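Peer 1: With these hints in hand, go ahead and build the complete structure from the sequences.
The lines below spell out each chain.
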Amino acid sequence: MTTVSQAVDSATASATRTAVCAYDRLTPDLGVAALVGGQQVAIFRLSDGEVYAVQNLCPFSGAYVLSRGITGTRGDVPTIASPIYKQVFSLLTGECLVTMDKEPKPGIAPDLAVYPVTVDNGQVYIDLAGGE
Amino acid sequence: MSDTKKIVVVGGGMVAHRFVEAMRDRDTDGQYSVTVLAEEPRAPYDRVALTSYFTHKDPDALALGDPSLWEDELVTLERDALVESIDREAHSVTDRYGREHGYDHLVLATGSYAWSPPVEGSDLPGVFVYRTVDDVAELRRYVEDRSKGLGRPVRGAVIGGGLLGLEAAGALQELGATSTVIQFADRLMNLQVDEGGGQALTRLIEKLGVTVKCNTATTAIKPGKDGSAGSLEFADGGSQLVDVVVFATGVRPRDELGRTAGLDMGERGGVVVDDTCLTADPDVSAIGEVACIQGSCIGLIAPGNTMAEIAVDRLLGGDSTFPGADTSAKLKLLGVDVASFGDAFAKTPGALELTYADPVAGVYKKLVVTDDARTLLGGILVGDASAYASLRPLVGSEVGGDPAGWLLPEGSVERPNVELPDEAGVCSCNNVSAGAIRGAVTEHGCTDLAGVKACTKAGTSCGSCLPLVKKIVGTELEKSGIEISNALCEHFDMSRAQLFSAIQVSELRTFSEIIERFGTGRGCDLCKPAIGSILASLYNEHVLAQDRAALQDTNDRVMANMQKDGTYSVVPRVPGGEILPEHLILIGQIAQDFGLYTKITGGQRIDMFGARLEQLPSIWKRLVDAGMESGHAYGKSLRTVKSCVGSTWCRYGVQDSVGMAIALELRYRGLRSPHKLKLGVSGCARECAEARGKDVGVIATDAGWNVYVGGNGGFTPKHAVLLVEDVDDETVFKVIDRYLMYYIRTADRLQRTAPWQEEHEGGLEAIREVILEDSLGICADLDEHMARHIDTYEDEWKAVLNDPERLAQFTSFVNAPDQPDPSLAYVEQRGQRRPATQDERDSGAVLIAPSTLEVRS
Ligand code: SRM
Ligand SMILES: Cc1cc2nc3c(=O)[nH]c(=O)nc-3n(C[C@H](O)[C@H](O)[C@H](O)COP(=O)(O)OP(=O)(O)OC[C@H]3O[C@@H](n4cnc5c(N)ncnc54)[C@H](O)[C@@H]3O)c2cc1C
Ligand code: SF4
Ligand code: FES
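Sequence order for the protein chains is Y and E. Its first residue numbered -14, the first sequence is counted upward by one per residue in the numbering used here. Its first residue numbered 174, the second sequence is counted upward by one per residue in the numbering used here.
If you're looking for bench data, these hints aren't it; they were derived computationally from the structure. It is possible that part of the hints are untrue.
Said to hold, decoys possible - Selected chain E positions facing chain Y (Cβ under 7 Å, derived; list incomplete): (1) 594; (2) 701; (3) 739; (4) 996.
Please read all numbers here as calculations on a predicted model, not as lab measurements. Using N, Cα and C, we set each Cβ at its ideal position, and we do this for glycine too.
Peer 2: Here it is in structure tokens:
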């Protein structure tokens, strides 16, 4: 199965994207962390087969843990809940949907960076440059 | 402060307490200081709950309100300060030490004394009355000593078959004595129930094993061989052997001070007051049982509290007056439901009586209504008083619908759904109206029962009004649009308890099947862990089995507790706190090798902090190889069973608490539940294991074990409450098996045992019936479920170590499996390492990099 979760122009994609692992290495609904060009990225394969990638840094605790959060949905939006204080973020836009009445750590934005993911030939690629 | 006026209150009982509390609440400008002169050697306590002191033996459990009241600058409490005289002219009273206390205003709140008829032998040892903590303590000690001396159960008799007498008979039985109630009138509780009610009541009391003798006048108590009470003689010539006698023959006002001070006395005693609680002397009020108001002294707390509020209001310039007493009453005796309210004897002209009796079920109910059958006047409920809380406030209002709905067994005809008028009194103990409860929600922003209780005091005394308070709060919250839906989350429209039985009955075992059948969408961080936990409770399969890993909450997912920096702590099980030296050494060795911070936990075991995800398997391999296992410090499951040293070493221990704690910990280890579970076992009543602060506390007695349930630390600490007494090991296991299983099946998500037990319909009493008397017929099922849990237990960590697929989850980065998280940074403190703070990172202080020890094994 080949899934493209974010529409990306394939020319730019091939220039900056990095292979991280085989698609089969991902367990449905469980995240993994990856080191991409020195950056920590959290990657999720959901039960419908889609793959998403966001920053691994949890803005509310300052720890690199989002890959170990719980996936879910709020309405139709696929989400990830931080394992530390349970803030909920959209996997589509990175927006923080539930702040649990907390402020992010000083100097960190509440919303997450999202990175385009492509799956080619059973390989998962992350495009760091595609993130904001 | 020179213009502060001084109030002296004589008597430190319940009504005095309410007076001081109301004064401090409302006298916001500090116009008055209050000095309470109390005869008893303790702060005012909850006399209404006195009987519970037989079992709890804990005077603090009887505390009234917030103890900080007595620390208020404007409040002075003198204990052990019996007042002996009043000098009204000099505006001063003198206590037993000859100290004089001047007053601007004097409040008499001396209550009543327990009266016993002038029967020969009423001063013999072994004859008691029942009014104060000291009375109860003495009675208890006497019964215990007697039964030891006699080597057989003590024969008890209670003279008087009213509310108090029946409570006392129950208490004697709790102490292991047999009991007979001797009643002069033709039926029990003759002041509250009519003949039909009396018959039903006698049957209920006899069912408890108490013997009832009505129409019987006691003429003498004769001493036995040792000079203490030995037998009773009756007017009809009969007699009965006894070892202990309790008089519960009524109370008389303690009006001696008022009498000698020349105040007006009621016909049958009591200091006469007007509707504002003032005596003929404008500087002296009387409140509570000592006051003769509207012609009588009233032996109930509710009117006393009302008088206290009125006296305060008047002193502060208000104009409230006594509205007349509500003499409704409910018997507080386990297993015997009796209540009477309003015009129970249909004395109102033209009143109609509707009755329902089911002699087989032991139920008798009567409603008294106006001649048009529309307005409720009063009633009597025996055998099933569940409607009491709803009906009592309705007195004087329209019953609405078919009044039979209140009489027939619950559920057979729908009960009329009436909206109580705002002025209807809901909590009579604390004089709280339906309007005040509504106001707590609408104006004071309370969003749950606990908040409303704290805000209005409703339901904080006898508790009989709680079901109604809860209902009003629920309705009000719903009206104000506050969602009190018990839906788990947007994906499941059911409460956890409903979902539990749905999953159990459907036998579905995967999240996808369950959400497809009972929910919508794909789940979230609320329903996934709840279902993960339910599946684990039901089948005891591995938390990481099949699709389960993705359901688990943060800590269960990797079987360790995540710390603030994303590393984990490791806690091996140390059952009962007993640990082998070689295991201590191993823990120390592992901590050194991996550079982990170590600390003794509050649960009597050792925590190692700072382990990285990828290090967990190698750490656990060394622990498991040495015979240690997971301590489930991460699970909503059994945590620890705390223990004291017990009889093996301690000079006071009466049972082997460590052995019991280990047995319990091994029995329930790995048991997944709605919230964490903690147990404690103490080897004697000194309670060094703090077992009553645990979900289940087991405390050794000379004869076996007492089991307490529903204790909690945390934000709202609660002492556990006695469930069974003096039982053997087998019974300890059996009752705990059932208690825990029933909790697991019916509690809400993240609801601990204390609130579960409190909010369970019918409270602990109903839970007791379910697990001890099998009232739901589920005990065999609960037993079997627990037996299956115990049989199928396996160490979670050991299982993971044998499974390469699951081990693959324990990597730091999917594309760099052994590379530590580069963001981790530590500093040294007191010889160990701890996470660096942001300032330390920014300042570039000496950081210790994450340890680079080999992590794969
Ligand atoms: C380690 C320990 C503190 C210590 O160093 O002593 C501890 C640590 C934590 N406790 Fe605790 N509690 C520890 C004993 C207690 C005790 C004392 C006891 O068990 O005798 C209590 C009060 C008793 C009780 O539970 O009623 C206690 C009441 C809580 C509560 C409040 C629970 C409540 O019902 O309100 C929480 C919060 C919660 O669970 O929601 C909590 C939560 C926590 C958490 C899980 C907070 C968190 O989410 O991270 C801490 C985990 C740290 C970790 O990773 O290990 N901890 N915690 C203790 C572990 C004992 C053990 O060996 O397993
Ligand atoms: C076992 C039991 C169960 C009960 N159950 C219920 C119930 O379910 N519902 C209900 O409504 N009521 C119940 N009552 C009655 C209720 O407890 C009383 O109505 C209430 O305590 C009256 O309060 P009070 O302050 O007027 O008197 P008390 O609480 O009796 O307080 C008077 C205090 O004044 C002290 N005192 C007396 N003289 C002096 C003096 N000269 N100097 C200093 N101090 C003095 C006394 O020592 C006493 O501590 C029960 C009573 C008992 C004993
Ligand atoms: S008391 Fe608070 S800070 Fe201390 S261990 Fe428990 S949860 Fe953590
Ligand atoms: S009626 Fe007793 S606490 Fe409310």
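Peer 1: Report the numbers of all earlier hints that the structure fails to satisfy, in ascending order.
Peer 2: 1
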